[in-house]
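These protein sequence lines are chains A and B, in that order.
In terms of our numbering, the first sequence has 53 at position 53, counting the first letter as 1, and numbering is strictly consecutive.
In terms of our numbering, the second sequence has 177 at position 177, counting the first letter as 1, and numbering is strictly consecutive.
By construction, these hints were calculated from the structure, which means they are not laboratory data.
Built from N, CA and C at the ideal position, the CB exists for glycine as well.
Take these hints with a grain of salt, some might be off.
Stated by the list, open to error - The calculated DSBU-like cross-link candidates involving lysine-lysine, where the alpha carbons are at most 30 Å apart (straight line), are:
{"hint": "1", "chain 1": "B", "residue 1": "Lys549", "chain 2": "B", "residue 2": "Lys481"}
{"hint": "2", "chain 1": "A", "residue 1": "Lys8", "chain 2": "B", "residue 2": "Lys481"}
{"hint": "3", "chain 1": "A", "residue 1": "Lys10", "chain 2": "B", "residue 2": "Lys248"}
{"hint": "4", "chain 1": "A", "residue 1": "Lys65", "chain 2": "A", "residue 2": "Lys10"}
{"hint": "5", "chain 1": "B", "residue 1": "Lys37", "chain 2": "A", "residue 2": "Lys65"}
{"hint": "6", "chain 1": "B", "residue 1": "Lys444", "chain 2": "B", "residue 2": "Lys275"}
{"hint": "7", "chain 1": "B", "residue 1": "Lys262", "chain 2": "B", "residue 2": "Lys165"}
{"hint": "8", "chain 1": "B", "residue 1": "Lys167", "chain 2": "B", "residue 2": "Lys223"}
{"hint": "9", "chain 1": "B", "residue 1": "Lys248", "chain 2": "B", "residue 2": "Lys165"}
{"hint": "10", "chain 1": "B", "residue 1": "Lys262", "chain 2": "B", "residue 2": "Lys248"}
{"hint": "11", "chain 1": "B", "residue 1": "Lys191", "chain 2": "B", "residue 2": "Lys167"}
{"hint": "12", "chain 1": "B", "residue 1": "Lys37", "chain 2": "A", "residue 2": "Lys8"}
{"hint": "13", "chain 1": "B", "residue 1": "Lys218", "chain 2": "B", "residue 2": "Lys37"}
{"hint": "14", "chain 1": "B", "residue 1": "Lys248", "chain 2": "A", "residue 2": "Lys8"}
{"hint": "15", "chain 1": "B", "residue 1": "Lys218", "chain 2": "B", "residue 2": "Lys262"}
{"hint": "16", "chain 1": "B", "residue 1": "Lys275", "chain 2": "B", "residue 2": "Lys167"}
{"hint": "17", "chain 1": "B", "residue 1": "Lys191", "chain 2": "B", "residue 2": "Lys275"}
{"hint": "18", "chain 1": "B", "residue 1": "Lys97", "chain 2": "B", "residue 2": "Lys191"}
{"hint": "19", "chain 1": "B", "residue 1": "Lys37", "chain 2": "A", "residue 2": "Lys10"}
{"hint": "20", "chain 1": "B", "residue 1": "Lys223", "chain 2": "B", "residue 2": "Lys262"}
{"hint": "21", "chain 1": "B", "residue 1": "Lys97", "chain 2": "A", "residue 2": "Lys65"}
{"hint": "22", "chain 1": "B", "residue 1": "Lys334", "chain 2": "B", "residue 2": "Lys320"}
{"hint": "23", "chain 1": "B", "residue 1": "Lys481", "chain 2": "A", "residue 2": "Lys10"}
{"hint": "24", "chain 1": "B", "residue 1": "Lys165", "chain 2": "B", "residue 2": "Lys218"}
Stated by the list, open to error - Only part of the chain B face toward chain A is listed, based on derived beta-carbon distances under 8 Å:
{"hint": "25", "residue": "Leu27"}
{"hint": "26", "residue": "Glu33"}
{"hint": "27", "residue": "Ala51"}
{"hint": "28", "residue": "Asn81"}
{"hint": "29", "residue": "Glu99"}
{"hint": "30", "residue": "Ala290"}
{"hint": "31", "residue": "Ser291"}
{"hint": "32", "residue": "Phe293"}
{"hint": "33", "residue": "Pro351"}
{"hint": "34", "residue": "Pro358"}
{"hint": "35", "residue": "Arg431"}
{"hint": "36", "residue": "Ile433"}
{"hint": "37", "residue": "Glu485"}
{"hint": "38", "residue": "Tyr486"}
Residue strings, one per chain:
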Amino acid sequence: MTSPLQQKLKVTGPVVVTANRLGDGAVVYRTADGHWTNDLAAAAVVTTAPAATEILTAAVADRLKAVDAYVAPVRLTPEHGVLPGNLREQIRFNGPTVALPGASPA
Amino acid sequence: MYVYDDFDRTLVDERVREFRNQVGRRLSGELTEEEFKPLRLMNGVYLQLHAYMLRIAIPYGTLSAEQMRTLARVARRYDRNYGHFTTRQNIQFNWIKLEELPDALAELARSGLHAMQTSGNCVRNITTDQWAGVAPDEIEDPRLWAELLRQHLTLHPEFTFLPRKFKIALSAAAHDRAAVKVHDIGLRMHKNGAGETGFEVIVGGGLGRTPFIGKTIKPFLPKRDLLSYVEAILRTYNQWGRRDNIYKARIKILVHELGAEKFAREVEEEWQAIKDGALALDAAAVDDIASRFRHPDYEVLADNPPELAKIRNGAREEDKRFRRWLDNSVTNHKVAGYSIVTLSLKPVGEPPGDATAPQMDAIADLADRYSFGEIRVGHEQNLVLPHVAQRDLPVVWRALDAIGVATPNVSLISDIIACPGLDYCSLANARSIPVAEEITRRFKDLDLAHNLGRLHINISGCINACGHHHIGHIGILGVEKNGEEYYQVTIGGRADEAAELGTILGPAVPYGEIADVVEDIAAAYLELRERPDEIFLHTVQRVGVEPFKERVYAAR
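Construct the entire structure; sequences and hints are all you get.
Printed below as a string of structure tokens:
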């Protein structure tokens, strides 16, 4: 499989770097200070390919905390701040769009 | 039920220990993700959109009540209280943590369950008719042969790194309920002119990006030659199958490009060299496997006992509901006085194929009490209690109804086969589950659904076709166009002994219109059919796709 770093990165709007946490597969986002968070609002948002590449390079090098890092689009809104940029990312962020069968009560 | 011996148990236990070590090394950083990924895939572990997914094999779709309770326990302890039964008689847990996977696998292993060969480029779970061993139209129980193949092909060193994944299905009944013609190898048991039972060998079937109906390369293969001939096919594929292009790596492409006749000649040449060697099955070896299957100790009973007759003639609302379920979900058994009961995992507005831990526990209890401790999983994503005495049907129905698995919609329009789609799957382009849920809501009126009759809808969230959309009477394929979900519709597909691929109806429609399209197709069918017993598929065959196309696209 081609590494995300070997793929030509096209950035046409705001993006973040996202991955899945190694231990449980949960969706995480790369922060500006080089950590991972599950809070999209705390993710580093960039708008250029060089800036995205820099964050992605560091994210891919972090082999122990998260896997399959890639650049994902986001939307910046005045009311809600950073939001996922497409349906796939919305589902990764919010979970399935359908009710889970037999979900344990909170 | 097949009873595993010490060899089987040791093999599974050792595999769990090995994988526990591998997971530990990954979590400590000793293994990179690149090194670990092929190891986790060999143990059925995928990384999906939100979490790891664990796929567990249910060989030839047969589960014991104890195994079902184990699945419930795993769902409760390690997942989110439910599991998803798949189109290949597996079950998937969608929220497993890598850190807890070895413990979950150890729990499964104690009941003889495992995840070996549920992923990777190897021979996957061998599937068969969910009514195997109990269907009246069956020549013999195909599970014996499925078990022989399972044993031979489990961790087979020569076939661990095939060009691509490899799926085998068997059927031994006149009516194919195992979709053998769309598998890499399909084996259809039948009798030859001399009255001997053997296999028609079909190769190169498959769906996905490039769908094909399989080609028969051996009209009659004697039973003794099953392992050697399958070995010859796999060797031929291993040698000639493409490894340079993942999209052209399945055996269906090889058979298509070589031609079935040339492929058959290559297999024949390989087979002649090995057919009389160690893989030739002698009666003692077959008898040994057969002796480890435990069969129910049926009572001597008569069909149509008085307990049923009373309700059949009853006027209460409950009696009417029972009769509808009886007519829809209960099938004749080969033994007098018994029935095969299908449990619909397709309630209105719910994800197809999902079962909660409490449902699994309740089904296990019912299996123990009323079905000799046995449960089956069908590729249609429903469950089966295969040995229910007819006198027990009323009480079984009430119990199934109470846990939500007695919707009388088996093989009807709301009995939808669907992949997990974009709600879970990292490969998907579009959602499948909410589309299925909306269609079931549109057809929740059971009078309408029964009036429409036998009508199979299959939904896939991407071209990989895990929902088998090509062979749905109505097939729905999710695609992505400019960031939006669209759905392409096919009609006229079928998965049985006369398997055919559906024909594309026209341009894909947006997410918000797909349920309307299904309603339009259903309405057109009701107008076009000549008689109430002309099923949808036969109407499509008689009139073609054009009248449906006109109906669907007239208003769009």
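Check your understanding: Do the numbers back the hint for Pro351/B, that is, is its least Cβ distance to chain A under 8 Å?
Key -> 6 Å, holds
Exercise for review: Could you check if Ala290/B really has its C-beta closer than 8 Å to a C-beta on chain A?
Suggested key: This interface hint is violated because 38 Å lies over the 8 Å limit.
Exercise for review: For the pair we were handed, Lys223/B and Lys262/B, check the Cα-Cα distance against 30 Å.
Suggested key: Since the Cα atoms of Lys223/B and Lys262/B sit roughly 24 Å apart, the hinted pair holds (cutoff 30 Å).
Review point. For the pair supplied as a hint, Lys218/B and Lys37/B, is the alpha-carbon distance within the 30 Å limit?
Key: 38 Å, violated
Point to revise | Supplied contact hint for Glu485/B, tested at 8 Å Cβ to chain A | key: With Cβ-Cβ at 7 Å, under 8 Å, it holds.
Check your understanding: Within 30 Å, alpha carbon to alpha carbon, are Lys165/B and Lys218/B?
Key -> 22 Å, holds
Check your understanding: Keeping to a limit of 30 Å between CA atoms, is the pair of Lys37/B and Lys10/A held or broken?
Key -> 27 Å, holds
Review point. Holds or violated: Lys97/B with Lys191/B, Cα cutoff 30 Å?
Key: 49 Å, violated
Review point. Within 30 Å, alpha carbon to alpha carbon, are Lys97/B and Lys65/A?
Key: 14 Å, holds
**Study point:** Hint validity - Tyr486/B Cβ closer than 8 Å to any chain A Cβ
**Key:** 12 Å, violated
Check your understanding: Against chain A, with CB atoms and a cut of 8 Å, does the hint on Leu27/B hold up?
Key -> 7 Å, holds
Exercise for review: Starting from Lys262/B, check that the Cα of Lys165/B is at most 30 Å away, please.
Suggested key: 22 Å, holds
When each numbered hint is compared with the structure, violations occur for hints 6, 13, 18, 30, 31, 32, 38.
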